[in-house]
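**Q** Letter by letter, the chains look like this.
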Amino acid sequence: MINLIRNITLFLVCFVTANAQNFTATVDKTKLGQNERFKVYFKMEAEDINSLRNFQAPSFEGFRILSGPNQSTNMQIINGSVSASLTYTYILQTIELGKFTIGSAKVNYKGKNYSTDPLVLEVVKSSANNDVGGVSNEDLAGSVFIRAIPSKTNVYQGEQVTVEYKLYTKANISSPQISKLPTYNGFWTEELETSPNIRFNIEMYNGERFRAATIKRVALFPTKSGELTVTPFELTVPVILKKRRSGRDVFDEFFNDSFFGRTETIEFLAKSNELKVNVKSLPAQKPESFKGAVGNFDFNAQIDKQNVEINEAVTIKINISGTGNIELLDIPEIKIPPGFEKYDPKTSSTVNKKNTVSGIKNLEYIMVPRIPGKKTIPAIEFSFFNTKTGKYETKTAGPFVLNISAPEGTVVGDVSGLTKEEVTLLSSDIRFIKTNSYDFRKKDELGKLPGWFWYLSISPLVLLLLFLGYQKRRNKISGNIQLLKFKKAEKAAKNRLKKAKKAMEQNSLGLFYSENAAALFGYLEDKLGIQKSEFTLEKALEQLRSLELDEELLTKLQSTSEKSEFARFAPSAQSDEDARNLYDSTVHLIVDLDSKIDSARIK
Amino acid sequence: MIKFTKIYIVAILILFSINTFAIQVEDVMNKANSSYQDKDFETAISLYQQILDDGFVSDAVYFNIGNCYFRQGEIGRAILNYERALKLNPGDEDIVYNLNLAKARTTDKITEVPQIFIVQWWEILLTFISVQTWALLLVISISLFSLSLAIYFTSRSSKLVRGFFALGSILFLLIVFSTIFLSSSIHRSNTYSEGVLLEKSISVKSSPDEESGDVFVLHEGIKFKVEDSLQNWVKIKLSDGKVGWLPKSSFEFI
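Taken in sequence, the protein lines are chains A and B. The first sequence stops at residue 603 when you use our numbering, and every number in between is there. The second sequence stops at residue 254 when you use our numbering, and every number in between is there.
Keep in mind the hints are simulated off the structure, nothing from the lab. Be careful, since some hints might not be right.
[As the list claims (entries may be wrong)] To spell it out: a stretch of chain B is covered by chain A in this simulated footprint if at least three of its residues, at any positions, have a beta carbon under 8 Å from a beta carbon of chain A; those stretches are:
1. 25 to 35
2. 141 to 153
3. 241 to 254
As the structure is a prediction and not an experimental result, all values here were calculated from the model. We put the CB at the ideal spot given by N, CA and C, even for glycine.
Between the sequences and the hints, there should be enough to build the whole structure, so can you do that?
**A** Have a look at this one:
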């Protein structure tokens, strides 16, 4: 229940506010004649019209906007309540017959968007009340129109088409205004000269007499092939019409005269026909020098001198004249042989734009020869497509032969662009010849090894090897028998001791004692490097002392050697027991000595 | 042993005989120099040429010939001879100066990439001593090395052994270095890969054929590398990388 009440109150509030703002679209009439003017109003009623934002008009498709939007405001205060309105007005003109819809206009008021309802309009054939002074639009179209007259409609790419726009009229008109210029898609256009004033001539067209005037002439050069279209040319022509009066009294008839007659001017939109041009592409097998020239041209080239000195400028003048797309021409190239300095050509052209575009193009190539000799500038070729014959034509000029001479004393070549350093070098003189320290070398010895090289480089190595081999052999022979003996002393002693032991076991004591003594003394001889002939026990002891062996070992040696010496000379006085003791002590002694001597030597 | 001493004696004799030849050559050289001073450059050139024909070369001869041609206005030949002199004696200040002066008078200005100083030092070192001297140095160091090895192997004193080991190592290094120098020096004197243009101006062709197209124009005195040769044509490369073919008659090797 409460909910329902709330909803109702909300609805009421909404209604009130909705009522306060009202955005409407209205139109003069909904049924219109062709080319008729009418007004469309978009009216917003609101308290605070200053807070209106973002008015968006609909697209008036199918109509021509003559003016608008024009704003007007209206304010009213009734019984203290303020009501105001803002109106946007458009003046439109119908174009074609049919039904048209003017879409919604939108506006923002205090953050809220409002839009109008679409309007449906019908454009019908001019009704009587649309006629101005009793002349229908169709009648007007029959008496004021523009014709676009092409010179040809079937052309080659690049061939000129002249289009003449003529205004035909039977009615009285004042100076027309251009409302829309034609667009020339796919053409390069050149406006042709026309007289500044429009001059009408009497001309018959379709069996009727018209006053006709050329208002525009254009030369078109198609830049691509295919069917190209030129859009109509539109002019707004003010047509002066007499205003007719209703009522047919004599008085009126009398005054119904141009002299007395009240006239009215209506703006009539005159349109030309659309043009279609069929463009054929140029035939294949284009010459190499063809660069898009179409028309009929003359070509010649001249060189200003044939005998020149180096660094003297030579000019080649090229002249192209004729009818065609002369301004579109690419300049022919000159193949200049090396040895020339070439500058960019100077170009000048004069174009005549009377009927067919024609003109002269002048080119000036300047080049400076930098090296002497006979140089040939190859022939310059210029090709164009002749529209009359429908064939390519190639014209040549040259070749030009130049005799370039270098006068005495001139420096051949371009000496410009020297650095400062080089300039100072140029102005200074060379240093004097060398008059000493010639350092002569035999030419055939340069980069060659001298003959003696290999002998002398290898011989020292051979000598070294020989020397080392010899040294080794001598060492073997003379060399260190001592060392050998030293190393073999122990082994020799062992051998003798073995023999001694054998003798002892066989009970031949004489042999045993002599072998035992020989083992001990032989060992000492070998180890200490004493010759057998020079060996004495004292000498051996002395050497052993110098090796700093301990005294105990030495006394042991002394006693053992004395014992063995004694026993040697009196073997029978000894028992087997003595012999065994002597043998044992000799063996121990030699073992002791050997280790002690070796360690002492190492020290 | 006797055989080797004989070879040494022969070698020394050869060196002496060169010296006696050199004395005659020096006479010719002095004559040529006085002709130069008398501004008789033609005679001077022919006398210098005689020295070269006799099989002697020297940077001084080439330098002086270069000066003669410079005086006669033959910049190409002047540059050729300066370059030859510079090859024998790189880094010589007089030669470099005159060469630059002659180059300033040539047309083609191709900036040469300057040599790295190490390369220049190397060149100077290579040419500072002739191949013969390098060879002699190598022979001497090998002999000394062998001698020190012999002493090293036979000596009993540890001091001597150590000393000769060190000496031997140094000598071994010396052998390695002089071998490198000797071989580089031989290689350098035996390669002729650069030329100097002698014609006043010539169109460099795109292929070894008189009918072929011109690639660029060169003027006398320009130095280039010779990369290839075919019949009477050689393929050249400029220091800026341009490549083309020239007839053999138009230039001479440095």
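**Q** Now tell me, hint by hint, if it's right for this structure.
**A** Hints versus structure:
1. 25 to 35: holds (count 5)
2. 141 to 153: Satisfied; 8 residues make the cut.
3. 241 to 254: It is violated: at least three residues are needed, and the region 241 to 254 of chain B offers just 0 whose Cβ sits closer than 8 Å to chain A.
Comparing the model with each numbered hint stated earlier shows that hint 3 is the single one that does not hold.
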